[in-house]
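Produce the entire structure from the sequences given, and follow the hints as far as they go.
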Amino acid sequence: MSERALRDPLQRFRPWRRGAEIGFWLIVVVLNCSGNAITTWMDANRHGDPGMHPWEPWVWEFSSGLVWLVLLVPLVAWLSGRLPLHMDNWRRRLPWYLLASLPLSAMHVLLMVGLRVLAYRALGHGYDFGDWGREFLYEYLKDVRTLAIILISVESYRFLLRRLQGEAQLLAAPDEGPPVEPIERPERLLVRKLGRDFLIATADIEWAQAAGNYVNLRVRGHDYPLRSTMAALEQRLDPACFIRSHRSWLINQRHLVSIEPLDGGEALLHMDDGQAVPCSRRYLADVRLALGEGEERVSAG
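Take the sequence shown: its position 233, counted from the start at 1, is 232 in numbering that gives the first Met the number 0, and no numbers get skipped.
No more than 25 Å apart at the CA atoms, straight line, and that leaves these computed lysine to any residue pairs for SDA-like:
no.	residue 1	residue 2
1	192	236
2	192	272
3	141	94
4	192	12
5	192	79
6	192	151
7	141	130
8	192	16
9	192	227
10	192	233
11	141	43
Hints are computed from structural coordinates only; laboratory data are not their basis.
Structural data, given as structure tokens:
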């Protein structure tokens with residue numbers, strides 16, 4: 000199967016990705032809240048609870064679901080992007096997630112209760128949350144479970160995207176015998192994609208952008224995530240080709256077309272694929288110096 004055939008499904012999905020992600024969580028929240036509201040109402044009827052209005056379970060469930068959908072799911076997704084969980088780091092990072100669960104749950108409870116108060120008042124009733132200590136503990140235990148479900152969903156989704164996109168790896172030293180090429184300054188990277196392995200030349204990397212615990216490598220129109228820090232990647236690449244332009248960006252000078260100065264001493268580096276890479280004041284002088292005589296062929300904007 001050609002690489003183009005492997006790429007097409009993900010390429011076709013990209014324009015719809017944002018809408019699909021929002022739609023997924025919207026459907027999950029609506030179905031979950033509706034199911035819980037219906038079962039709560041059925042349980043109340045089964046036990047003969049005359050004090051519950053038909054609309055109350057819907058207010059309870061959707062006030063909670065709305066807070067998760069609008070605020071907490073994006074926060075959890077952002078947190079997992081900053082502190083992604085993997086098999087080799089979950090023990091170290093799990094305590095941070097448990098710590099973060101306390102303010103997340105507190106926000107959920109306060110905003111949920113506020114929405115319920117407003118809904119009850121609009122319907123001519125008053126809302127009593129009950130004993131705050133006991134009720135917060137009850138909600139916190141539910142929130143921890145919900146947080147775990149969201150994290151598993153987000154990480155599984157990102158894992159699938161990386162498999163579809165192709166994940167790059169630095170070549171490791173062989174178990175026996177000398178390496179066939181330099182390990183400290185690799186000439187090629189291994190890319191795993193949908194069960195296939197292929198090699199790409201490091202010289203073909205056009206630019207790289209840091210993304211959490213990953214660095215996205217642009218190679219001939221493809222984006223390959225590499226699990227590494229930008230500093231570690233910079234040390235492994237040829238300094239004669241690759242220049243740091245920003246704390247989150249690194250470029251291959253062979254693909255640099257022009258430098259556009261900006262106010263404040265910063266600049267935009269225009270690459271031959273149309274990408275505009277930011278260049279901070281800290282690195283601009285180094286970029287110009289690294290270009291040397293090649294700077295004459297690069298316009299100053």
